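Novice: Sequence:
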Amino acid sequence: MNNRQDARLERVLATLALVIIGLISLANVVVRYFTSASFAFTEELSVFLLVILTFAGASVAMRSNRHIRIGFAERLFPRLRVPLILLQWLAGVAVLGLVVWFGAQFALEEYQWESESPGLGLPNWWYVVWLPLLALCILVRLTQMTLDRLRGRLADEPDLWMLASFLLLLLTGVPVAFSLALSGAIGIIAGLSPDMLATLGTNTYNGVAKYPLIAIPLFILTGLVFEKSGVALRLVRFAQALIGPRHGGLAMVAILVCLIMGGMSGSGPADAAAVAMVMLPSMTRAGYPRPFSATLIAASASTAILIPPSIALILYSIVVPGVDLRALFAAGLFPGIIAGLVLLLPAWLLARRHGWESPQGAERPPLGESFRQALPALFAPVLILGGLRSGLFTPTEAAVAGVTYGVLIGLFVTRELDWRNLWRLCGEAAVISGVVMLIIALAGIFAWAGTLLGTFRHLAEWLISLSDNGAVLLVLVMLAVLLAGMLLDAISIYLILMPILIPVMQHFGWNPVWFGILLAMNIAIGQFTPPVAINLMVTAEVAKIRLEQTVGWALLFVLVMGSALLLVAIFPEIALWLPRVLGYAV
Numbered sequence: 001m002n003n004r005q006d007a008r009l010e011r012v013l014a015t016l017a018l019v020i021i022g023l024i025s026l027a028n029v030v031v032r033y034f035t036s037a038s039f040a041f042t043e044e045l046s047v048f049l050l051v052i053l054t055f056a057g058a059s060v061a062m063r064s065n066r067h068i069r070i071g072f073a074e075r076l077f078p079r080l081r082v083p084l085i086l087l088q089w090l091a092g093v094a095v096l097g098l099v100v101w102f103g104a105q106f107a108l109e110e111y112q113w114e115s116e117s118p119g120l121g122l123p124n125w126w127y128v129v130w131l132p133l134l135a136l137c138i139l140v141r142l143t144q145m146t147l148d149r150l151r152g153r154l155a156d157e158p159d160l161w162m163l164a165s166f167l168l169l170l171l172t173g174v175p176v177a178f179s180l181a182l183s184g185a186i187g188i189i190a191g192l193s194p195d196m197l198a199t200l201g202t203n204t205y206n207g208v209a210k211y212p213l214i215a216i217p218l219f220i221l222t223g224l225v226f227e228k229s230g231v232a233l234r235l236v237r238f239a240q241a242l243i244g245p246r247h248g249g250l251a252m253v254a255i256l257v258c259l260i261m262g263g264m265s266g267s268g269p270a271d272a273a274a275v276a277m278v279m280l281p282s283m284t285r286a287g288y289p290r291p292f293s294a295t296l297i298a299a300s301a302s303t304a305i306l307i308p309p310s311i312a313l314i315l316y317s318i319v320v321p322g323v324d325l326r327a328l329f330a331a332g333l334f335p336g337i338i339a340g341l342v343l344l345l346p347a348w349l350l351a352r353r354h355g356w357e358s359p360q361g362a363e364r365p366p367l368g369e370s371f372r373q374a375l376p377a378l379f380a381p382v383l384i385l386g387g388l389r390s391g392l393f394t395p396t397e398a399a400v401a402g403v404t405y406g407v408l409i410g411l412f413v414t415r416e417l418d419w420r421n422l423w424r425l426c427g428e429a430a431v432i433s434g435v436v437m438l439i440i441a442l443a444g445i446f447a448w449a450g451t452l453l454g455t456f457r458h459l460a461e462w463l464i465s466l467s468d469n470g471a472v473l474l475v476l477v478m479l480a481v482l483l484a485g486m487l488l489d490a491i492s493i494y495l496i497l498m499p500i501l502i503p504v505m506q507h508f509g510w511n512p513v514w515f516g517i518l519l520a521m522n523i524a525i526g527q528f529t530p531p532v533a534i535n536l537m538v539t540a541e542v543a544k545i546r547l548e549q550t551v552g553w554a555l556l557f558v559l560v561m562g563s564a565l566l567l568v569a570i571f572p573e574i575a576l577w578l579p580r581v582l583g584y585a586v
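With the numbering used here, letter number 473 in the sequence shown gets 473, and the count goes up by one each step, no holes.
The reader is advised that the hints may include incorrect statements.
Ranges between beta-carbon positions, derived for each pair [stated by the list, open to error]:
{"hint": "1", "residue 1": "V140", "residue 2": "W462", "range": "38 to 44 Å"}
{"hint": "2", "residue 1": "G322", "residue 2": "P83", "range": "44 to 50 Å"}
{"hint": "3", "residue 1": "S115", "residue 2": "R389", "range": "36 to 42 Å"}
For the record, the hints were derived by calculation from the structure and aren't laboratory data. Treat the numbers as computed from the prediction; the structure is a model and nothing was measured. Cβ atoms here follow ideal geometry from the backbone N, Cα and C, with glycine treated the same way.
Using the sequences plus the hints, can you model the full thing?
Specialist: Here is the structure:
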């Protein structure tokens, strides 16, 4: 991306918003720890800054064409590329035009009513006016990006995920966020009345203005900080010291390091990138085929969606009423570890059978020294989970603690970070957060429309009518979610499917914590299953191989990790035992 393709103003706004959110949340933790009191303004100001972060970050991502979409049609039909790009632009203009228009009306109403915020007593329109202003910025950046694509100045990436119910929009390359919003708006116009769109601005703003969502960009930043702070190399040396020279040793090290990294970031792609860059060269020199190594690391890193602090489980706790995030985090721990450990046996058997990595002559790092070097990194999951368990942190504050700890490690222990790099990391986290949070914001329109039209209720009733046997329907749901996980990211799956699945879950009496872990395990498998396989795309890029070279290995690991999924489905206590021991309601 060159300077012409960077939305500098929005980048600075989004980065500052993320930094300020982190600082005031950290200050709140410190003040409460020493005085047992909290700042009254923290939640109000943080929620406002989250709106800024969402739309400013989304604007930066729009300028460089980083929003999640499917680009298959452009590749299959090159002659239709220009009409498809124009269709994508028109869809974006339609959504953003609605948000600007009704967002401006929302702000004007707040101004006329002279309403004030509950915490700081500031005029509400000061907060709300940023919605239409930044949506207008996205519209401008969308137009600039479209012109660059038409002129050949900008590549047509990314070409990732999404869902069959929006096939027409998605397969033509319309970003997921716009597909969700436009589908909802069309449904309201066709099924109810255009006048109902008057609350579109309110629904968009309220879709993202939720304090628990602040944990998502902060954990994204945590993952980036740990990825760039050099802890992966220290963890690799420690794992090598534990496992020692043996057939399959490096493969086992990769699996173990992915599990530990998952306890720091909650992001599979971030873990896959960090571990692949450290492990792939060593595994290749030891004789492992690069497609095998890339697939193994991608599969192992997918467990991050289960191991706390999982970003996907944070969203699940928000989407599903009454689910305690701490219980979800505890419930995901053992299934996540099992999902990783079941990969050890095939890795060892294959290495032994093919003679990969001869243990003769290999050096074993000193256990004491490698443990001492890895200890700061190993303490990160203890800090985050221990703080949550003790009540010292809320989930959002745990994310702040993780960021702060990671920064201290990177600056003063590994010394892989400096203040300039840190600012760039904050900017990158803000842009990634903008992509994710815009989907959440505009999914509010989709959810609102689906509720008003009764679409979710009708689909849930249809699912329930398929079988009176809960076990049979659970298998059908799991297969559907597994298929969705091959095409979609976890955020989109939860936002689109949970309004349909919650009534089904309640009808059959499925435990919502256990059900959430099963969904996460399905999505984890999808993260390394072609055709999309986001984790596998990351590791294949590092390994310099084509995605199709990994298909055979991916299918093997799908079967292996599927056995872990089957275990948790048959024996729910694997997931529910730890939350009950810790005293959480499940």
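Novice: Would you list, in rising numerical order, the hints stated earlier that this structure does not obey?
Specialist: Every hint satisfied by this model.
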